[in-house]
Amino acid sequence: MCADQLPRTDTSRRRAIEIFLGGGILASLASFLYPVLRYFVPPAVVDLGGDEVVAAKSVEMKPNSGKIFRFGSRPGLLIMNSDGTYRALSATCTHLGCTVQYRPDLREIWCACHNGTYDLNGRNISGPPPRPLDVFDVHVRGDEIVVNRKREA
Amino acid sequence: MAMLQINLRRFRSARALALVGFLVFAPCLGYGQDVNSCLDCHSAQPGRLEVTPEKFSQDIHAQKGLTCVSCHGGDATSYDPAQAMSRKAGWKGKIDRKQVPQLCGSCHSNPTFMKQYNPSLRTDQLDQYHTSMHGKRLAAGDTKVAVCTDCHSVHDLRPPSDPRSTVNPVNVAKTCSRCHSDASYMKQYGIPTDQFEHYSTSVHHDAMVVRGDLSAPTCTTCHGNHGAVPPGVDKVQNVCANCHTFQAQMYQQSTHSKAFEKASLPGCVVCHSNHGIHMPSDEMLGTGPTGVCMRCHTPGDRCDRARVAIQGNLTQLDGAIKDADAALRLAESAGMEVSEARLSQDQARDALTKARVTIHSFQTALVNQDIQAGMKIAAANQKAGKDAMVERNHRRIGLGICLIAIAMMLVGLWLYIKKLES
Amino acid sequence: MFAAIIRWLDERLKLEGLIAPLRHKTVPTHRLSYWYFFGGITLFLFIIQVLTGILLLLYYRPGANEAFESVQYIMTRVQFGWLIRSIHSWSANLMIFTAFVHMFSVVFLKAYRKPRELTWITGVILLFLVMGFGFSGYLLPWNTLAFFATKVGTEIAGQVPFIGKPIMIFLRGGEEVTGATLTRFFGFHVAVLPGIVTVLIAIHLFLVQRQGMSIPPKLEARWNAHPSEKREMRLFPNFLLRELMAWYVAMGALGALAALFPWTLGVKADPFISAPAGIKPEWYFLFMFQTLKLIPSKVWIIDGEVLGVLGCSLAGLLWLLLPFFESDKAPRTKVWITGLTVFALVYVIGMTVYGYVAN
Chain R
372 MCADQLPRTD TSRRRAIEIF LGGGILASLA SFLYPVLRYF VPPAVVDLGG
422 DEVVAAKSVE MKPNSGKIFR FGSRPGLLIM NSDGTYRALS ATCTHLGCTV
472 QYRPDLREIW CACHNGTYDL NGRNISGPPP RPLDVFDVHV RGDEIVVNRK
522 REA
Chain S
16 MAMLQINLRR FRSARALALV GFLVFAPCLG YGQDVNSCLD CHSAQPGRLE
66 VTPEKFSQDI HAQKGLTCVS CHGGDATSYD PAQAMSRKAG WKGKIDRKQV
116 PQLCGSCHSN PTFMKQYNPS LRTDQLDQYH TSMHGKRLAA GDTKVAVCTD
166 CHSVHDLRPP SDPRSTVNPV NVAKTCSRCH SDASYMKQYG IPTDQFEHYS
216 TSVHHDAMVV RGDLSAPTCT TCHGNHGAVP PGVDKVQNVC ANCHTFQAQM
266 YQQSTHSKAF EKASLPGCVV CHSNHGIHMP SDEMLGTGPT GVCMRCHTPG
316 DRCDRARVAI QGNLTQLDGA IKDADAALRL AESAGMEVSE ARLSQDQARD
366 ALTKARVTIH SFQTALVNQD IQAGMKIAAA NQKAGKDAMV ERNHRRIGLG
416 ICLIAIAMML VGLWLYIKKL ES
Chain B
35 MFAAIIRWLD ERLKLEGLIA PLRHKTVPTH RLSYWYFFGG ITLFLFIIQV
85 LTGILLLLYY RPGANEAFES VQYIMTRVQF GWLIRSIHSW SANLMIFTAF
135 VHMFSVVFLK AYRKPRELTW ITGVILLFLV MGFGFSGYLL PWNTLAFFAT
185 KVGTEIAGQV PFIGKPIMIF LRGGEEVTGA TLTRFFGFHV AVLPGIVTVL
235 IAIHLFLVQR QGMSIPPKLE ARWNAHPSEK REMRLFPNFL LRELMAWYVA
285 MGALGALAAL FPWTLGVKAD PFISAPAGIK PEWYFLFMFQ TLKLIPSKVW
335 IIDGEVLGVL GCSLAGLLWL LLPFFESDKA PRTKVWITGL TVFALVYVIG
385 MTVYGYVAN
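Chains as they are written, first to last, in the working numbering: chain R, 372 to 524; chain S, 16 to 437; chain B, 35 to 393.
These aren't lab readings, by the way, just hints derived from the structure by calculation. Warning: the hint list may mix true and false statements.
Said to hold, decoys possible - Under the rule of at most 20 angstroms between Cα atoms (straight-line distance), these lysine to aspartate or glutamate pairs were calculated in the EDC-like manner: (1) S/K433 with B/E266; (2) R/K428 with R/D454; (3) B/K302 with R/D505; (4) R/K438 with S/D365; (5) B/K185 with B/E151; (6) B/K148 with B/E254.
For reference, chain R alone in the conformation it holds in the complex (with noise of 0.2 angstroms):
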């Protein structure tokens, strides 16, 4: 065997080697830690999750007025009383899923659609709706109306 063979070969060899090895922890290694760092930034929505919602801002609403929101993946509704006090309920239609709607003409609850009647406990008192609208919690924190579910028993 030639003498200046076997070197030859073996740091091309050897080459190899670091470049894949090498490279190759790096690379995974990179591949690996750059989502789990990405992970640690909390995102910019800190959604609490579809049990509480800021339903709107004190200041956005007047007496005896009605607002839809958006709870989790059905509307709300948050009406404020001629007393300032607040009143959330699902918006969703017990008949056929309409959003429904405050009349403060007839400090009802609304629904367009077939001329449902709700109370404002949503009890339905006139019209096709069969059955009356989830009453939801809130509460005031701050400048804010908060809206939650009902705590599970």
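Since chain R is already given, all that's left is putting chains S and B on it; use the hints.
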């Protein structure tokens, strides 16, 4: 002693008679007040004279304690027909059709009487009946028209809340159709007999009978039940407006309202029909077989142009919603999470529904407002679907890079192992 | 630079003393030695579970009100949250699969024989605990499928005579599956089970290191007769480098699965709806579930489900004690045991397939 013996012998025969009489009439003791000779005989009568205890036990009046005698008079304790059905015992026989409303009303129009059974029952049925077409014609001598027993049935009369009752909302249309769909029976009145046929194809029938929505309209909802009359031409939209308020409001303020009134056309019915009301579609604004506008309007005129614009807008939004749905479905099948956009689609659909209601104002600008709101939402959702696919592609590229790095590492390890073991 | 770091540590920890014995360790090489990798792969997947599990803990919220939404949040809002969660779900299934493969390879290579009975026992217990990990973790996203699978699973546990009901109540945190069950399962999944499993893995690995790798009986006899035919490789670094390659392949497979077939979210659980048709447990419970379904509702006077549960428990116990049934004194039992273990494998695979196809 002999006197006693003779007396006893006489008493013995009296005792025997008493015993026999007792045995004959003993069954009556067991029934007490439930002796009903009428049912006992009439359960074995043929045809229309047959009333069985099973049938009668279903009757609400029987359950409340009324008996045959309460309406027909007579003597229910006697099995002798001459006695049971004697005029002296107050027997009325078969109640003449003309007398039926009066008979029923003798209790049902008496609030004091009815209060002891059901205080919340109305007691104005008879008054209402007198205002109805049936009541008026009966007063004029026509006995073919409906009286109480025709709709409510008799002897097995059930309350309307009972699903088997002939006047339960689900069954009302069928009950009315017994006469009103019988062409030969109705021949002399000159009114159509296809109402039930049409109604059976309608969206209201579908809601009531198929979906079980008891609030859906049936014959009595629009025509009244005891005071049944067809609503007059100018009253139709009032009836529809009870449920379809928004459409009615918009129609009321529209140009069509005055125009139809002047031409004595029946409002809503002109486009939507009265009995065979089908699920409306955007095709109604078109020129196809279900198109309604061009029945009156001239092609090329202002209204025709408005029609084209409105239909175009609706089709555009409908298409946008469908496109967004397709994009989201594609993203979902690729494993991407798009549940928020999916829910937002409901809002877009709401906007389309709203636009279809606004048609009744017949103003292109108003319809367009709702359309544009919906378009924005649908466009955003479609973008969400497309973004999800872009993200999916990014993920695959990322995976590719990672796999290359891993492959590199594997090659490196393999070479290293080989070197170690050479 | 690598060598410099090693030297720095060695000066302080006397690493040589720890590594030196490892340098002498060998692993036999033969036609079937590829099966030796599966234990290590299972360990690797467990480590992945711990790491991704800790990452998920940063965003997950246990509790019926928030669990589903928090997983949805991870999948949709958190950067690479979908990746971490999908890897966690896929790795769970792969780990149970490789654990089964590892166990059956040990069975067929007869590695459970004396002196390795304790290794077998700790291993089987680990398998049960790992399936417990799977059962408890499955509920945590609080979706409909998981809710009902948990309901059915704990119901079956409750069928054990006498102690079944208390066990069911203990598992469920009450009579029914509720938010309390979720909290409890969360506690099991992130604290109780990891603690026990870590200790058992440590014992298991210690035993393997102490006793070395087992060789199939026939080969062992041959090598004892002809020592020159013995083939070995060094554990460190040769075998371990190969093991590392296997780990990298597993990592690649996980990444591909997570990216190409992300784990679905499902629909949030609603305790008041009726169970959807065809509820079945995860695939690793399917063979037992299908067995239960096939047993008639009453066998003589015993309730079918009770019989099934007791039968499965008995089978599990016998499986745990497998090494003690085989001894060198009665060679015929060896054939029996081989036959039974082959039957066991065929049964598990067959019933799993049947369970899928039957629905």
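Quick rundown of the hints versus the structure:
no.: 1; hint: S/K433 with B/E266; in the structure: 16 angstroms, holds
no.: 2; hint: R/K428 with R/D454; in the structure: 17 angstroms, holds
no.: 3; hint: B/K302 with R/D505; in the structure: 18 angstroms, holds
no.: 4; hint: R/K438 with S/D365; in the structure: 17 angstroms, holds
no.: 5; hint: B/K185 with B/E151; in the structure: 36 angstroms, violated
no.: 6; hint: B/K148 with B/E254; in the structure: 13 angstroms, holds
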